[in-house]
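Participant: Each chain, letter by letter, is given below.
There are 2 protein chains.
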Amino acid sequence: MQVQESATPTACMIVIGNEILSGRTQDKNLAWIAKELGELGVPLREARVIPDNKQVIIDTVNEMRSKYSYVFTSGGIGPTHDDITTECIAAAFNVAVQRSPQAETILTAHYGKENLNAARLKMADIPAGASLIMNPVSAAPGFKLENVYVMAGVPSILQAMFAGIKHELKGGAKILSRSIAAYVTEGVLAEQLTAIQNTTGDIDIGSYPFMRQNKLGTSLVVRGTDQAQLDKVYGQIRSMLLSLTPEVIEDDIAA
Amino acid sequence: MQVQESATPTACMIVIGNEILSGRTQDKNLAWIAKELGELGVPLREARVIPDNKQVIIDTVNEMRSKYSYVFTSGGIGPTHDDITTECIAAAFNVAVQRSPQAETILTAHYGKENLNAARLKMADIPAGASLIMNPVSAAPGFKLENVYVMAGVPSILQAMFAGIKHELKGGAKILSRSIAAYVTEGVLAEQLTAIQNTTGDIDIGSYPFMRQNKLGTSLVVRGTDQAQLDKVYGQIRSMLLSLTPEVIEDDIAA
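Top to bottom, those sequences are chains A and B.
Quick note on numbering: my numbering labels position 33 of the first sequence as 33, and the sequence is numbered without any gaps.
Quick note on numbering: my numbering labels position 145 of the second sequence as 400, and the sequence is numbered without any gaps.
Bear in mind the hints are in silico, worked out from the structure with no lab data behind them.
Owing to the predicted nature of the structure, the values given are computational and were not obtained by experimental measurement.
A virtual CB, placed ideally from N, CA and C, is assigned to each residue, including glycine.
Please note: incorrect hints may appear among the correct ones.
To be verified - Subject to a maximum C-alpha distance of 25 Å in a straight line, what follows is the list of computed SDA-like cross-link-like pairs (lysine to any residue): (1) B:Lys470 - A:Gly112; (2) A:Lys232 - A:Val188; (3) B:Lys283 - A:Lys232; (4) A:Lys215 - B:Pro410.
To be verified - Just some of the chain A residues that point at chain B, by a computed CB distance under 8 Å: (5) Arg120; (6) Tyr208; (7) Leu244.
So here's chain A without its partners, still in its complex pose (with noise of 0.2 Å):
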């Protein structure tokens, strides 16, 4: 029997690492998987930051993976004492963590042998049945195991390793969009925009207030897998601007 493929794939991505929960960091990862996902056409449905705890990354990674197509993690995979991710997702699958031959070959050529201590080679250590992850940035990998994609937390690092596993995702229809901002709020839009929403099927209105310079507007995004249905609400919700306001800010992509 064969299984039947979801017809839209998800993802879910966490975040681990006591620095994002702390303030120190600004995670930049979620927001740039999420853009990458949607050209994939496979939807980021939820994101969770937690913890360097070992017993809140089992769970959280247990919960996840039976819930999503794929999920993705960030932090947590270098040499020190509070990068725990590789044992925990071990702990989660039930495996155990074993020395990867392959991932050896590669911090020796990175490093030379002779700067090869145990703090690095740990880093050759991942989950039986995971297959590596390439870092082309700094040579230590991440790894797969089932549809649980093990990343490291630097951004730059992590784009690598995405670049490099994300021909094997298998995306349903991409997902398109286009904006247009303008200084009107939303109380006073707010009618005609549901006057349109209720006519556009597939097409997913999302309304986003915003100040800038002190002046507050509203960002209108528009989301959809059919282009031309899309340029059609677009053009609706234009003019309904233009009704409102002479100046509107078409496909504007500022935050």
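Starting from the known structure of chain A, fit chain B onto it as the hints suggest.
Facilitator: Leaving out everything else, chain B in the frame of chain A:
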């Protein structure tokens, strides 16, 4: 019988919004609130980013409010069709949404009676039993229901709302931290760092690799509630780093 308060109050943040999960908007509220809470001695233990989906919001709020002392939400309390946070919080608590006369007075004063259309009046509707969180930026209030604080997603508004409620939060000991960085990779310092961590008691050491101008380095962050102990461990780490490199960056705060 008096209910025993937990020694260390804890917090969770729920970021509500499709725009964060699509990568369109970079969340900035999590890091900001995390720092504020750290100052107040209320460690942020977890954050979740969830979509504008009724059942997901209800389930997440109910899970988090029983797990943590304080829950903070951002996003979804405006006047448009995709602002569904208020009705979801009410559903999570199994109470009705009702017009707040106080909120209506505030909105009338802000917009003028003639401009207070139905969409704007919707922002005066809050769950029964909730109290208002004032919004000195754009008037429409957030609200608090038991241990759940519901705030706007626009950072300047969220920050102004938080400023108005933070005096209510009962914190434990303030979490202090110091940070030092150097262009030494984690693999070089890991063993000595583990030796230091093994003797530091309640002081937690975090090790965070970074890349700046294409050079890899490590930030080491010591965190704890005892300033003298913190300074001692900081000194040990500083000496360790200076045994490996001639230059360190003291009290480095770059992410």
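Participant: The structure should be examined with respect to each hint, and the outcome stated for every one.
Facilitator: Status of each hint after checking the structure:
Distance check on the hinted pair: Lys470 of chain B and Gly112 of chain A sit about 19 Å apart at the alpha-carbon level, within 25 Å; holds. As the CA atoms of Lys232 of chain A and Val188 of chain A are separated by approximately 22 Å, the hinted pair is consistent with the 25 Å bound. Among the hinted pairs, Lys283 of chain B with Lys232 of chain A is inconsistent with the structure: their alpha-carbon atoms are about 32 Å apart, more than 25 Å. A threshold of 25 Å between alpha carbons decides the hint, and for Lys215 of chain A with Pro410 of chain B the separation of about 14 Å falls inside it, so the pair holds.
Contact between Arg120 of chain A and chain B, as hinted, is supported at the beta carbon level, the nearest pair being about 4 Å apart and thus within 8 Å. Contact between Tyr208 of chain A and chain B, as hinted, is supported at the beta carbon level, the nearest pair being about 5 Å apart and thus within 8 Å. The beta carbon of Leu244 of chain A comes no nearer than 12 Å to any beta carbon in chain B, farther than 8 Å, and the hint placing it at the interface is violated.
Hint compliance for this structure: hints 3 and 7 are broken, all remaining hints hold.
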